[in-house]
Amino acid sequence: MKVLTCHRPGGAFGYISDGWVNALLSKGHQAHRWDGSKESWDAFDPDLYIGCSGHRQDVPKNRRAKVAIHVNPYGPVDLKSINESKDNITWVLEQNPDAVFGYGDEEDKILWSFWDERHGITWIPMPTAADICIFNKNLDENKKIHDIVYLGGRWEYKAITMDSYLIHALKTLDKSFMVHGWGDWPQDICSGGLADDMAADFLNSGKIGPCSAEKHTHLHGIDVPERMFKVAACGTLIIHDPVPAVKRYIPSIVVAQNPDNFVDLCRHYVENDGERIQLVEKQKSEVLAAHTYHHRMHTMLSSLGFDDAATSMLN
Amino acid sequence: MALILPKSMFLHIPKTGGIWVRNAIKRANIDAFEYGEQHSHFNELLKYRDEQFYKNKLIFTFIRHPLSWYQSRWAFRVKHGWSMRHPLDFNCASNNFCQFVENCIEYKPEGWVSWLYQSFIDKAPKDVFVGKQENLAGDLVNALHNAGEAFDEQLILGASRANVSDMHGKSSKDMAVYTVDLIDKVLDSEKTIIDKYYSDINPSSLYQQYSLEYSDVSI
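So the sequences go chain by chain: A and B. Numbering follows our numbering, with no gaps: position 70 of the first sequence is 70. Numbering follows our numbering, with no gaps: position 2 of the second sequence is 317.
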């Protein structure tokens, strides 16, 4: 099957959409980024285009391809700036998509329900997941050279929760840590950026990989960062700050209730190797069983009626 | 906080109309002041004054049917966000109403609502006047009369609604619809409180009121 995805932006969407492309390529499908031109669209003649309301590319009106667009919540709950903007809603409707999708689970449908209720557009639950083409490492205790590893950005909005949990833990615990990332990190904590091709080995090098989510994720349980899936797939223990219902994805995930509990859990699992190793194996198997981008592409393709291609994603 | 009135005190069980009760009491110009946290049990109030202080006061509180309590609790959290510091949210949060209720029953098979109500009502040192959210104004007037408070009844009866979990014009009842099977599970799990306070309600009327399968209410 031939799939075009929107151009590759920076930030989380870039990595997440890389995950879809990698999953498709690994199963023998053709998948490319689209440069937005009619000529390249016609030359490739896609079966499916995967776009994004936040990284708009107008799709041809007369087309053979089905179109699925990543959208933000749009439903009866006012999530303020997290909800899709009016302007974006208008643009999405103009593209006449076959489906829209968002970073939520089936249980979160109500938050996106107006796409279907008001406009008759099917919403596909597409939470983030693990890109196992890149992030798939065995647990090897000889490679655990840090107690704690973290990879990611920090800026004003993220800092609301990160400072109370992750940074509080790093400053409180007398444990070795290595942090790589970008944005506005305290200089005494972050060692700067990291090349993409080193990310998996880095995540594999810690005993635990604390995971941090943004404020709206703490409140509503949507937009869960893909970090937790990657950390588990790299054989490192996830300890997550408080995200509601996050255990629906990884039942054995360790979740803190408050900042001090987060510190206690980090300490406990750094100091108790036996318990940690047992849980790492469990978390990883739960991710590989249901939360890779192969699974997400299976969901999307089957929702759009590409049954054979969907089946191929899990074979 | 618990509300202390001249001859009575109000214990506020979450999601049972307590904000309305506070507003109505204020509207009726009854002298009242707050002690403790918003949802303090009686025992927590002993931190502020000894038991003697409360001895001659009528204690009153409000409850609501567990089926509507779950609806209201869920709609409130979906609208305002879950609080992972709260054990119910930590263990049961879901943006899907039926999943949330299933999680609650699994977490507290003997009934979270029964446990919650009992923790307010049974921990008090004497009988508690238990009003129902289903008859909020009338029961508040009765509680205040029983306590011997001086107030204008019409000011209470005329108080407007408050703290309703409204979302785009839909109430929690519209957003949170039960299946018949789930109603049966809640009735079974919350048997303690239902037998004690709601035994007069015919279950078939509950199916009609709360289940999509028995009404044309849709999300």
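It should be emphasised that the hints constitute simulated quantities derived from the structure, not laboratory data. A portion of the hints provided could be inaccurate.
Stated by the list, open to error - The following label-pair restraints were derived from C-beta to C-beta distances:
no., chain 1, residue 1, chain 2, residue 2, range
1, B, Asn-457, A, Asp-78, 34 to 44 Å
2, A, Pro-60, B, Glu-449, 36 to 46 Å
3, B, Asn-338, A, Thr-90, 35 to 45 Å
4, B, Trp-430, A, His-7, 33 to 43 Å
5, B, Asn-517, A, Arg-63, 50 to 60 Å
6, B, Leu-527, A, Thr-90, 26 to 36 Å
7, B, Glu-425, A, Glu-141, 55 to 65 Å
Glycine included, each C-beta is placed from N, C-alpha and C at the ideal position.
Q) For which of the previously enumerated hints does the structure constitute a violation, in increasing order of number? A) 2, 4 and 7
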